Amino acid sequence: MAAHVNEVVLPGDILQELSDSEQYPKLRLGPGLRIDVDNVVVCKCGILRFREPSVFWVDTHQKRYVPVKGENILGIVISKAGDVFKVDIGSSEMATLSYLAFEGATKRNRPNVQIGDLIYGKLLVANKDMEPEIVCIDSTGRSSGLGVISGGFMFKCSLGLVRKIVSPDCQLMKLLGKHMPYETAVGLNGRIWIKAKTLSHTIAISNAVCCAEYMSKKQTEVMVKQIVSSQWT
Amino acid sequence: MAADFKTAQPVEYYRQFLKKDVRPDGRELGEIRSTIVNIGSISTAEGSALVKLGNTTVICGIKAELCTPTNDEPKKGFVVPNVDLPPLCSPRFRPGPPSEQAQVVSQFIADVLKDSKMVNHEDLCIAEGKIVWVLYCDMMCLDYDGNVIDACIISLLAALRNVALPSIEVDEETAKPKLTSSTSSTMTVQSLPVSTSFAIFDNSILIADPTNEEENLATGVVTVVTNECGELCALHKPGGSSLSESQIQECVKRSFSRGDEIRKLLDETFNSLDR
Amino acid sequence: MTSQRADCGNLELRSQSCEQNLLSRPDGSATYCQGDTSVIVAVYGPAEVKQSKEFLDKATLEVIFKPKVGIPGCSEKFQERLIRNTCETIVLTALHPRSSINIIIQVMHNAGSLLSCCVNSTCMALLDAGLPMSCLVAAVTCSLSCDGDIILDPTSQQEKEAKAILTFVFESRDNEIITSNTHGIYSIKQYYSCVEACRKYGFVSCQSPLGTTNTVEQ
Chain U
17 MAAHVNEVVL PGDILQELSD SEQYPKLRLG PGLRIDVDNV VVCKCGILRF REPSVFWVDT
77 HQKRYVPVKG ENILGIVISK AGDVFKVDIG SSEMATLSYL AFEGATKRNR PNVQIGDLIY
137 GKLLVANKDM EPEIVCIDST GRSSGLGVIS GGFMFKCSLG LVRKIVSPDC QLMKLLGKHM
197 PYETAVGLNG RIWIKAKTLS HTIAISNAVC CAEYMSKKQT EVMVKQIVSS QWT
Chain Z
40 MAADFKTAQP VEYYRQFLKK DVRPDGRELG EIRSTIVNIG SISTAEGSAL VKLGNTTVIC
100 GIKAELCTPT NDEPKKGFVV PNVDLPPLCS PRFRPGPPSE QAQVVSQFIA DVLKDSKMVN
160 HEDLCIAEGK IVWVLYCDMM CLDYDGNVID ACIISLLAAL RNVALPSIEV DEETAKPKLT
220 SSTSSTMTVQ SLPVSTSFAI FDNSILIADP TNEEENLATG VVTVVTNECG ELCALHKPGG
280 SSLSESQIQE CVKRSFSRGD EIRKLLDETF NSLDR
Chain H
32 MTSQRADCGN LELRSQSCEQ NLLSRPDGSA TYCQGDTSVI VAVYGPAEVK QSKEFLDKAT
92 LEVIFKPKVG IPGCSEKFQE RLIRNTCETI VLTALHPRSS INIIIQVMHN AGSLLSCCVN
152 STCMALLDAG LPMSCLVAAV TCSLSCDGDI ILDPTSQQEK EAKAILTFVF ESRDNEIITS
212 NTHGIYSIKQ YYSCVEACRK YGFVSCQSPL GTTNTVEQ
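Chains as they are written, first to last, in the numbering used here: chain U, 17 to 249; chain Z, 40 to 314; chain H, 32 to 249.
Treat the hints as calculated values from the structure; they're not laboratory data.
Heads up, some of the hints might be wrong.
To be verified - List of simulated lysine-lysine pairs, BS3-like, C-alpha gap at most 25 Å:
hint : chain 1 : residue 1 : chain 2 : residue 2
1    : Z       : Lys-45    : H       : Lys-81
2    : H       : Lys-99    : Z       : Lys-153
3    : Z       : Lys-58    : Z       : Lys-115
4    : U       : Lys-102   : H       : Lys-89
5    : U       : Lys-234   : U       : Lys-190
6    : H       : Lys-81    : U       : Lys-102
7    : Z       : Lys-292   : H       : Lys-89
8    : U       : Lys-211   : U       : Lys-190
9    : U       : Lys-96    : H       : Lys-81
10   : U       : Lys-172   : U       : Lys-144
11   : H       : Lys-194   : Z       : Lys-114
12   : U       : Lys-144   : H       : Lys-81
13   : H       : Lys-191   : Z       : Lys-115
14   : Z       : Lys-58    : Z       : Lys-45
15   : Z       : Lys-153   : H       : Lys-84
16   : Z       : Lys-156   : H       : Lys-84
17   : Z       : Lys-156   : H       : Lys-81
18   : U       : Lys-96    : U       : Lys-190
19   : U       : Lys-190   : U       : Lys-233
20   : H       : Lys-89    : U       : Lys-85
21   : Z       : Lys-153   : H       : Lys-97
22   : Z       : Lys-156   : H       : Lys-194
23   : H       : Lys-89    : U       : Lys-144
24   : U       : Lys-42    : U       : Lys-96
25   : U       : Lys-144   : H       : Lys-84
26   : H       : Lys-191   : Z       : Lys-114
27   : U       : Lys-123   : U       : Lys-144
28   : H       : Lys-194   : Z       : Lys-115
29   : H       : Lys-97    : Z       : Lys-292
30   : Z       : Lys-59    : Z       : Lys-45
Said to hold, decoys possible - The calculated label-pair distances, taken between Cβ atoms and stated as ranges, are:
hint : chain 1 : residue 1 : chain 2 : residue 2 : range
31   : U       : Arg-67    : Z       : Asp-241   : 35 to 41 Å
32   : H       : Ser-106   : U       : Gln-242   : 38 to 44 Å
33   : H       : Ile-95    : U       : Lys-194   : 46 to 52 Å
34   : U       : Arg-67    : H       : Lys-81    : 46 to 52 Å
35   : Z       : Pro-136   : H       : Lys-220   : 39 to 45 Å
36   : Z       : Pro-136   : U       : Gly-157   : 55 to 61 Å
37   : H       : Ser-106   : Z       : Ser-220   : 35 to 41 Å
38   : H       : Gly-101   : U       : Leu-215   : 45 to 51 Å
39   : Z       : Thr-213   : H       : Gln-188   : 27 to 33 Å
40   : U       : Asn-128   : H       : Gly-101   : 34 to 40 Å
All values derive from a computational prediction rather than experimental measurement.
Don't be surprised by glycine CBs; every beta carbon is placed ideally from N, CA and C.
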């Protein structure tokens with residue numbers, strides 16, 4: 017494993033080992049790393065991560081979302097313009113959503129989407145030179161959980177927290193679910209939607225999520241216990 | 040053909056020239072455009088000068104007015120420089136309030152004026168605590184073809200040396216200012232700062248006195264202001280690509296020689312007037 | 032993160048402290064203190080951009096400089112431009128075309144070396160916002176007293192008595208000068224000795240953010 021992994025790196029740091037093409041013939045660089053001439057250079061501050069066989073990226077603290085292709089996001093419909101909806105996903109530009117990109121939608125059978133609706137979608141087009149485009153179907157035409165979301169409660173948080181929650185090692189959502197059944201949709205653009213049986217459960221869960229940003233595994237377990245006990249009394 | 044190439048790939052176009060140590064307008068890298076100074080161009084102003092640096096043209100007019108000094112410094116007069124970049128000089132400026140560029144150049148010139156101690160503010164005193172001169176130095180750019188800072192500073196310097204103030208006394212009975220004689224006295228300019236600007240091209244090549252085109256393509260600019268005693272008054276580099284010590288040394292050296300050239304040019308111009 | 036000025040000597044910096052992510056709404060924020068001088072900076076971006084200011088190949092970077100009292104004038108514009116040009120050099124604006132990056136600098140207290148404090152603070156806020164940068168910057172101000180002594184990170188009293196005040200911004204890669212702003216008269220020899228004195232601390236400052244980010248990330 018290369019040096020500096022799981023250590024803090026700063027913009028401008030040159031990762032000499034990674035720049036050596038023989039050691040990592042199929043090097044893949046994730047966010048926060050870029051190639052400048054022949055060197056791998058860090059361009060964001062954060063912790064360097066590594067995954068077998070040769071994937072590197074930098075885990076950063078960030079609040080503003082920059083669209084990435086294939087990510088699931090939560091957006092709010094801002095306007096209808098002809099064949100497309102404009103959806104605010106928190107990035108620098110509005111995303112477009114075609115009215116045909118819903119399960120079972122045809123030219124005749126338009127989906128029922130109103131301005132202000134919450135949409136759970138997947139980014140189909142996301143690059144720096146083009147408007148982002150989202151869809152609510154997968155490649156087979158099924159919705160697979162995507163689409164308009166009704167009821168519940170949506171809140172915003174940092175991008176790091178969202179990534180932490182969806183990572184497989186994070187037990188928070190499962191632990192909470194054992195005690196309070198709820199539905200959730202996590203958008204990688206820093207938005208989380210939660211719908212529980214009662215309002216107080218929804219508030220408790222959203223508070224727990226917000227607090228968990230810098231907590232260790234043990235701390236989250238303690239917190240969940242505390243929340244659960246306070247809910248029953 | 041060459042024009043198409045220039046439009047499509049301006050940077051590459053310049054690179055081809057700079058490789059051979061020459062610029063598209065025929066100058067060498069360190070060569071400065073021909074400088075023309077005309078003094079006393081505005082007859083109604085107390086002092087004025089017109090400076091041409093290649094195509095860049097700046098006219099500076101100085102109006103003197105009377106005012107009361109501040110309580111903190113009752114002996115000191117004021118010098119208020121202002122740079123105007125009207126839409127007349129370039130399509131990049133819009134009518135309306137001063138552009139950011141104009142404000143930045145004004146501030147830079149105000150700093151140079153203060154730092155270099157060009158004018159002894161106490162020379163502008165008529166009656167201590169009562170009346171002092173205020174010199175409004177308005178620099179108007181007539182044609183913007185890059186390096187407006189250098190042109191402005193030369194024009195300001197020439198115009199200040201050209202200033203002739205009428206002699207005034209305070210009437211003791213009425214406490215009002217009155218003209219004592221019709222002759223006017225010239226003002227002494229204490230220090231003669233001259234600025235030289237450089238553009239950094241492709242993060243490494245230094246070119247002196249950039250034109251508008253060169254400024255737009257440059258990755259950074261440096262302005263060095265030197266005075267006649269071999270001292271620096273400002274070394275201003277607002278961001279842009281980094282410079283090594285030797286490159287800074289080169290800039291400073293060039294600007295010292297440029298300073299001497301300009302001061303000689305101004306002396307010659309003033310001498311020709313006296314004759 | 033705090034570093035103490037051990038003996039308060041002339042060739043030492045005043046104690047510095049920095050806190051990141053202290054504002055909830057902006058995408059990045061930081062406050063930086065050098066002695067009693069303190070500045071707070073908020074960064075928004077990449078955000079939506081006005082069509083009139085849009086660039087097709089890069090992000091539009093805007094700096095707004097708010098003085099402690101009064102309305103911003105010419106000298107604030109001058110500072111804005113200086114900081115904007117410095118940021119444009121380090122932020123990889125080409126990665127976010129057709130968007131805007133807004134930097135708002137609010138002076139909290141000026142007790143000397145304001146410009147360097149602003150630049151340092153801005154750099155920390157940009158880091159917090161997670162904007163892609165080619166390297167970091169560190170700014171150091173020094174003043175030359177009448178008998179030619181160099182005082183690093185001068186207080187406002189020391190600035191008033193000084194013959195010249197010089198501010199340099201160094202980048203973290205090769206530690207070269209990217210911004211230089213000076214006031215007053217000095218010789219070329221003095222200029223170089225100031226650069227050397229500041230460079231030493233520029234390097235230290237570039238390293239020090241490590242401590243801060245650690246606490247934020249964990």
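Here is how each hint holds up against the structure:
Under the criterion of a C-alpha separation no larger than 25 Å, the hint pairing Z:Lys-45 with H:Lys-81 is inconsistent with the structure, at around 30 Å. The hinted pair formed by H:Lys-99 and Z:Lys-153 meets the criterion: a straight-line CA distance of about 23 Å does not exceed 25 Å. A threshold of 25 Å between alpha carbons decides the hint, and for Z:Lys-58 with Z:Lys-115 the separation of about 53 Å lies outside it, so the pair is violated. At roughly 24 Å between alpha-carbon atoms, U:Lys-102 and H:Lys-89 fall within 25 Å of each other, so this suggested pair holds.
Our distance criterion of 25 Å between C-alpha atoms is met by U:Lys-234 and U:Lys-190, whose separation comes to about 14 Å. Taken as a hint, the H:Lys-81 and U:Lys-102 pair is honoured in the structure, with Cα atoms around 18 Å apart against an allowance of 25 Å. Between the alpha carbons of Z:Lys-292 and H:Lys-89 the distance comes to roughly 36 Å, so the proposed pair goes past 25 Å and is violated. Taken as a hint, the U:Lys-211 and U:Lys-190 pair is honoured in the structure, with Cα atoms around 15 Å apart against an allowance of 25 Å.
The straight-line distance between the Cα atoms of U:Lys-96 and H:Lys-81 is roughly 21 Å, inside the 25 Å bound, and the hint therefore holds. Note on U:Lys-172 and U:Lys-144: the hinted pairing holds, with a Cα-Cα distance of about 23 Å set against a maximum of 25 Å. Taking the CA atoms of H:Lys-194 and Z:Lys-114, the gap is about 22 Å. The hint holds against a cut of 25 Å. Proximity of U:Lys-144 to H:Lys-81 is assessed by CA-CA distance (about 17 Å); at most 25 Å being required, the pair is judged to hold.
With a CA separation close to 18 Å, the supplied pair H:Lys-191 and Z:Lys-115 stays within the 25 Å bound. Simply put, Z:Lys-58 and Z:Lys-45 have alpha-carbon atoms about 16 Å apart, close enough for the 25 Å limit, and the pair holds. Annotation: proposed proximity of Z:Lys-153 to H:Lys-84 is violated, straight-line Cα distance about 34 Å (limit 25 Å). Taken as a hint, the Z:Lys-156 and H:Lys-84 pair is broken in the structure, with Cα atoms around 39 Å apart against an allowance of 25 Å.
Annotation: proposed proximity of Z:Lys-156 to H:Lys-81 is violated, straight-line Cα distance about 43 Å (limit 25 Å). With a C-alpha separation of about 37 Å, the suggested pairing of U:Lys-96 with U:Lys-190 is violated against the 25 Å cut-off. Taking the CA atoms of U:Lys-190 and U:Lys-233, the gap is near 13 Å; set against the 25 Å cutoff, the hint holds. Of the pairs offered as hints, the one joining H:Lys-89 and U:Lys-85 holds, with about 21 Å between alpha carbons and a cut-off of 25 Å not exceeded.
The hinted pair formed by Z:Lys-153 and H:Lys-97 meets the criterion: a straight-line CA distance of about 24 Å does not exceed 25 Å. Taking the CA atoms of Z:Lys-156 and H:Lys-194, the gap is near 12 Å; set against the 25 Å cutoff, the hint holds. With a C-alpha separation of about 10 Å, the suggested pair H:Lys-89 and U:Lys-144 falls inside the 25 Å cut-off, and the hint holds. Proximity of U:Lys-42 to U:Lys-96 is assessed by CA-CA distance (about 44 Å); at most 25 Å being required, the pair is judged violated.
At most 25 Å may separate the alpha-carbon atoms for a hinted pair to count; U:Lys-144 and H:Lys-84 meet this at roughly 17 Å. Proximity of H:Lys-191 to Z:Lys-114 is assessed by CA-CA distance (about 20 Å); at most 25 Å being required, the pair is judged to hold. With a C-alpha separation of about 31 Å, the suggested pairing of U:Lys-123 with U:Lys-144 is violated against the 25 Å cut-off. For the hint linking H:Lys-194 to Z:Lys-115, the alpha-carbon distance of about 20 Å falls within 25 Å, and the restraint holds.
The hinted pair formed by H:Lys-97 and Z:Lys-292 fails the criterion: a straight-line CA distance of about 37 Å is larger than 25 Å. Restraint check for Z:Lys-59 and Z:Lys-45: the C-alpha separation of about 17 Å stays at or below 25 Å, so the hint holds. Judged by the Cβ atoms, the range 35 to 41 Å given for U:Arg-67 and Z:Asp-241 holds: they are separated by roughly 38 Å. Taking 38 to 44 Å as the suggested C-beta distance range, the pair H:Ser-106 and U:Gln-242 does not conform, at roughly 54 Å.
A C-beta distance of roughly 49 Å is found between H:Ile-95 and U:Lys-194, which places it inside the suggested range of 46 to 52 Å. For U:Arg-67 paired with H:Lys-81, a C-beta distance near 41 Å fails the hint of 46 to 52 Å. The supplied range of 39 to 45 Å is met by Z:Pro-136 and H:Lys-220, whose beta-carbon atoms lie about 43 Å from each other. Here the CB-CB span from Z:Pro-136 to U:Gly-157 is close to 57 Å, well matched to the stated 55 to 61 Å.
For the pair H:Ser-106 and Z:Ser-220, the supplied restraint of 35 to 41 Å holds, since their beta-carbon distance comes to about 40 Å. About 49 Å separates the C-beta atoms of H:Gly-101 and U:Leu-215, a value consistent with the hinted range of 45 to 51 Å. Taken as a hint, the range 27 to 33 Å is violated for the pair Z:Thr-213 and H:Gln-188, whose Cβ atoms sit roughly 44 Å apart. Remark: the range hint 34 to 40 Å for U:Asn-128 to H:Gly-101 is contradicted by a beta-carbon distance near 55 Å.
In this structure, the earlier hints numbered 1, 3, 7, 15, 16, 17, 18, 24, 27, 29, 32, 34, 39, 40 are contradicted, and the remaining ones agree with it.
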